[in-house]
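Chemist: What follows is each chain in one-letter form.
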Amino acid sequence: MTGHVVRPKTYYSVFSGLLVLLVATVGVAYLHLGELNIVAAMSIAVIKAVLIILYFMHVRYSPRLIWLFVGAGFFWLGIMFALTFSDYLTRASAG
Amino acid sequence: MDALAHQFDDLDQQHEAASLGMWVFLATEIMFFGALFLGYAIYRGMYPAAFAAASHHLDIVLGTTNTALLLCSSLTMALAVHATQLGTRKAATIFLILTILLGSAFLGIKGVEYFHKYEERLIPGSNFYFEGADGRHTQIFFSFYFVMTGMHALHMIIGVGLLSIMILMTSRGRFSPDHYSPVEMSGLYWHFVDIVWVFLFPLLYLVDRSGGFK
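Sequence lines, in order, name chains A and B.
So our numbering is basically just the index in the first sequence, starting at one, shifted up by 105.
So our numbering is basically just the index in the second sequence, starting at one, shifted up by 1.
Just so you know, the hints here were simulated from the structure itself, not pulled from any lab data.
Idealized CB from N, CA, C, for every residue including glycine.
Treat the hints with care, since some could be wrong.
[Stated by the list, open to error] To give a feel for the contact side, a few chain B residues facing chain A, derived at Cβ under 7 Å: (1) 33; (2) 37; (3) 66; (4) 70; (5) 155; (6) 156; (7) 158; (8) 159; (9) 168; (10) 169; (11) 196; (12) 207.
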């Protein structure tokens, strides 16, 4: 047998967590939080994505080399966002 | 059939190589969708009021239902991989079929939503009509909406095709506890498409639902 076999119980727990977070993200959207609405929505989305990546996609049980490649994908995405917004968010006419 | 290809030392190495290759592909997918998300973020920053007004025209019940459907399909996909790892062919086939059904339900609801947008004249183009001051800028929101959800739906359709092939291969007994990489890699793809939606849903459907702007 190759690879790590995750117990179905783990999958069910992660799935329940994802559903709770889905309800949370819809609920939070209706609260008056101003700028924090988008922060809350994105934070919940990131937690959901991390849960899916770690458990459903087995990265938690994968070798370090896989971690490195997954991390690199998101790191480069971060570079693209950071450099672009260092421009757009610092323009005098931004808004 | 020999599960181990001759260029690998052992099954573990073969499996790791498959995962690594899949993740390299998914990294290119991250950048592909990332560019769309970046464009969306820039224009939302420029026209927050128009994006909020346009977002209110999306059906939050259908959007939430679709998110739940996709999360369920990710669970059944994970269970399909699990069943394949254990060599239980019948369970694997059932979970793969469930995953396809849930994915198809998602696509069906997406189609209904698209049709509503067509009826409401919210598809960007010469027929586009939006009541309000920011009509032109709401069209930008709907352009992003259709391109992003459209590319996502295309990925789903490809995923359904992949899983159909996996069902066929499973029924022919092509997988075993020693050799199940194709099912696991299809799973990685399916979960990735799910993650894209996890971000699309709040960004498109939940913009300013509390009415903070204005």
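Chemist: Which numbered hints does this structure break?
Modeler: Of the numbered hints, 1, 2, 3, 4, 5, 6, 7, 8, 9 and 10 do not hold.
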